[in-house]
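Student: Heads up: the sequence shown begins at 1 in the numbering used here, then just goes up one per residue.
Hints are computed from structural coordinates only; laboratory data are not their basis. Here a beta-carbon is modelled for each residue, glycine too, at the ideal position from N, C-alpha and C. Some clues are possibly wrong.
Only pairs whose alpha carbons sit at most 27 Å apart, straight line, appear in this in silico DSSO-like list of lysine-lysine [what the hints assert, rightly or not]:
(1) K39 x K12
(2) K12 x K69
(3) K69 x K39
(4) K62 x K39
(5) K62 x K12
So the derived label-pair ranges between C-beta atoms look like this [what the hints assert, rightly or not]:
(6) S18 x R64: 29 to 39 Å
(7) E65 x D23: 15 to 25 Å
(8) K12 x E73: 31 to 41 Å
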Amino acid sequence: METIFDYDPTEKELTLISINYPDLGVRVTREEYERDAAKPGAENSLLLDLCRLFNARGEKAKAREYWNKIDPEWETMKYFRMNDLSI
1 METIFDYDPT EKELTLISIN YPDLGVRVTR EEYERDAAKP GAENSLLLDL
51 CRLFNARGEK AKAREYWNKI DPEWETMKYF RMNDLSI
C-alpha cells in the first residue's frame, strides 16, 4: 500500500496533516509510520492521510480520488464528514 512518504512530504506538510506535532516534540519517522501502516486495518487511515496530503497541496482532484477509496462505514469517517476538508 502506498503511503504519504511515497510523495516526499515536507516537515510543514507533515505538521499540517497532523502526523507531526513539533510543539509537543513529536516527529514520526518514515520507518515508524510504515511500521504502523503494515498493521491490519490501517488501509483507511493511510488513504485518509493521502487525501489530507494532497488536499494540503491544493491537489483537490487527487485528494478526492483517495477520499472516494475510503470505506464509508469506517468509524473515523463520521468525524471527517462533519468537518469540511474542502475537496
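Student: If I claimed the Cβ atoms of E65 and D23 lie 15 to 25 Å apart, would that claim hold in this structure?
Tutor: violated, 32 Å
Student: Under the criterion that the straight-line Cα-Cα distance not exceed 27 Å, is the pair K39, K12 satisfied?
Tutor: Roughly 26 Å separates the two Cα atoms, so the pair holds.
Student: Would you mind confirming whether the straight-line C-alpha gap from K69 to K39 stays at or under 27 Å?
Tutor: holds, 18 Å
Student: Is the hinted range of 29 to 39 Å satisfied by the C-beta distance from S18 to R64?
Tutor: violated, 20 Å
Student: Taken at face value, is the distance from the CA of K69 to the CA of K12 at most 27 Å?
Tutor: Since the Cα atoms of K12 and K69 sit roughly 25 Å apart, the hinted pair holds (cutoff 27 Å).
Student: Has the given pair, K62 with K12, been kept, meaning a C-alpha gap of at most 27 Å?
Tutor: Distance ~19 Å between K62 and K12 Cα, so the pair holds.
Student: Could one say that the CB atoms of K12 and E73 fall in the range 31 to 41 Å?
Tutor: holds, 33 Å
Student: CA of K62 to CA of K39, is that 27 Å or under?
Tutor: holds, 25 Å
Violated hints, listed in ascending order, are 6, 7; each of the other numbered hints is respected by the structure.
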